[in-house]
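Please model the complete structure; the sequences and the hints are all you need to start from.
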Amino acid sequence: MRGVLLRSVLAALLLRGLGEGSAPLHPDSRSHPRSLEKSAWRAFRESQCHHMLKHLHNGARITVQMPPTIEGHWVSTGCEVRSGPEFVTRSYRFYPNNTFKAYQFYYGSNRCTDPTYTLIVRGKIRLRQASWIIRGGTEADYQLHGVQVICHTDTVAAQLSQLVNRTCPGFVAGGPWVQDSAYDLWRAEGGCECTQALRFAMHELQLLRVEKHYLHRLDRLVEELFLGDIHTDASQRRFYRPSSYQPPLQSARNHDHACIACRIIYRSDEHHPPLLPPKADLTVGLHGEWVSQRCEVRPEVLFLTRHFIFHDNNHTWEGHYYHYSDPVCKHPTFTIYARGRYSRGVLSSRVVGGTEFVFKVNHMKVTPMDAATASLLNVFNGNECGVEGSWQVGVQQDVTHTNGCMALGIKLPHTEYEIFKMEQDARGRYLLFNGQRPSDGSSPDRPEKRATSYQMPLVQCASSSPRAEDLSADGGGEQHGRAPGSRAQPVLLATLAGFLTLPHWGGPS
1 MRGVLLRSVL
11 AALLLRGLGE
21 GSAPLHPDSR
31 SHPRSLEKSA
41 WRAFRESQCH
51 HMLKHLHNGA
61 RITVQMPPTI
71 EGHWVSTGCE
81 VRSGPEFVTR
91 SYRFYPNNTF
101 KAYQFYYGSN
111 RCTDPTYTLI
121 VRGKIRLRQA
131 SWIIRGGTEA
141 DYQLHGVQVI
151 CHTDTVAAQL
161 SQLVNRTCPG
171 FVAGGPWVQD
181 SAYDLWRAEG
191 GCECTQALRF
201 AMHELQLLRV
211 EKHYLHRLDR
221 LVEELFLGDI
231 HTDASQRRFY
241 RPSSYQPPLQ
251 SARNHDHACI
261 ACRIIYRSDE
271 HHPPLLPPKA
281 DLTVGLHGEW
291 VSQRCEVRPE
301 VLFLTRHFIF
311 HDNNHTWEGH
321 YYHYSDPVCK
331 HPTFTIYARG
341 RYSRGVLSSR
351 VVGGTEFVFK
361 VNHMKVTPMD
371 AATASLLNVF
381 NGNECGVEGS
391 WQVGVQQDVT
401 HTNGCMALGI
411 KLPHTEYEIF
421 KMEQDARGRY
431 LLFNGQRPSD
441 GSSPDRPEKR
451 ATSYQMPLVQ
461 CASSSPRAED
471 LSADGGGEQH
481 GRAPGSRAQP
491 VLLATLAGFL
501 TLPHWGGPS
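First residue of the sequence shown? That's 1 in my numbering, and the numbers climb one at a time after it.
Hints are not guaranteed to be accurate.
SDA-like cross-link-like pairs, simulated, lysine to any residue; straight-line CA separation at most 25 Å [unchecked claim]:
#: 1; residue 1: Lys-449; residue 2: Arg-241
#: 2; residue 1: Lys-365; residue 2: Gln-397
#: 3; residue 1: Lys-365; residue 2: Asn-381
#: 4; residue 1: Lys-449; residue 2: Glu-423
#: 5; residue 1: Lys-101; residue 2: Glu-193
#: 6; residue 1: Lys-360; residue 2: His-331
#: 7; residue 1: Lys-449; residue 2: Arg-344
#: 8; residue 1: Lys-365; residue 2: Asn-403
#: 9; residue 1: Lys-124; residue 2: Gly-170
#: 10; residue 1: Lys-212; residue 2: Val-328
#: 11; residue 1: Lys-279; residue 2: Cys-259
#: 12; residue 1: Lys-365; residue 2: His-331
#: 13; residue 1: Lys-411; residue 2: Gly-428
#: 14; residue 1: Lys-365; residue 2: Asp-312
#: 15; residue 1: Lys-330; residue 2: Pro-457
#: 16; residue 1: Lys-279; residue 2: Asp-269
What the hints contain is simulated information worked out from the structure, not anything from laboratory work.
Right, dumping it as structure tokens:
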């Protein structure tokens, strides 16, 4: 099988060349077969990754509803990790009279197999205007009618009743709480309120976006509801207005049929919390190339896609960051190429399923992609961002010698403390998650600032190794508790300090 696949790749490249504008490969009797194999595999792998990114930049068969229609039932697609960490699944219903009922199911571990308690949230929501903070989003107001909690074990019931009574003395009357009984944390009548004990807020309803995806030759519709992000500092949740999004919920009516978690969560309620299928934690020991699955949104009006290349033989990485002015990533503003080194970390004692890393960024190039960005970069004087006054649209410039680029908020060299995890999706593809950026715009430049939640995942688009054993379509049979590539070393998906907190330009906010 391996030999057939390799011959097929080589034949395709020899006959067709390496793509548009490329010269075809011509066998040379002096060329070493191994060298030819490496060149062919490198070209094949790059075409796969670039094809996936091009698909995103061409709209990826996505339509956005403006204003969004949120009526219906929406559910999580898996076990979500919130800062803390908190492990959560969500099931939200929005009704024609603008009321809603939301279940937030909480768990004791990262696979969402052991429910601890459930919050039942009722209220009313009113959509307003298109967001002036996040282009493509819609602002909304909400009003709570009630918040209840149900504990799923006696131990959790005792712990939560004590916590609530410490936070709001005298709030718990009639003795400790018991399992499977509903208790009010917030009630409109009578002034009953102690949601701060659980650091609860529903401000995610202040920012919404609905996307429609068409899969498999446009014959299958998947609808996704994006709600506002949760502050990475739990103590600030009650005061934070969203400026980005959480992982999307899928419509129970129009969901991806491969999503097993969707069906389980759809059938659940406060007395029957969802129990997701147990999975082994994958070792973060991957190699290869990884790309964004969608146009990603960051706080402060940032839209971007990412492409990373990892070299496990010398523990170096390369990252390509493509920034845009619009929420579907069609209008580029600038790109950044960065590279650096990483070192292996250890399994996180704070976030189950996560692995901690330290990495450095020591080299960077910037390419302005529109006139506004080039003009901005030319404003800076001296050694602040490349050669003064030399920026042109589409022309890349190395900014390493100026220690980064002040205009983009980037300083070199830079060290960050990160956390990563790996998963497989319903189709068997490997996904890579890296730490969520702090909501206050700072950098995780100290161990205590390491993230406890994750960004949107990237998907593996190619293996970096040209070895024949890595050409197997099934990853060499290593599908149980480990990423593909038995000799791979842990690698780092770089997140750069300034990249996710850059000033916003190139489009209306």
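Could you work out which earlier hints the structure fails to respect and list their numbers in ascending sequence?
-> 6, 9 and 13
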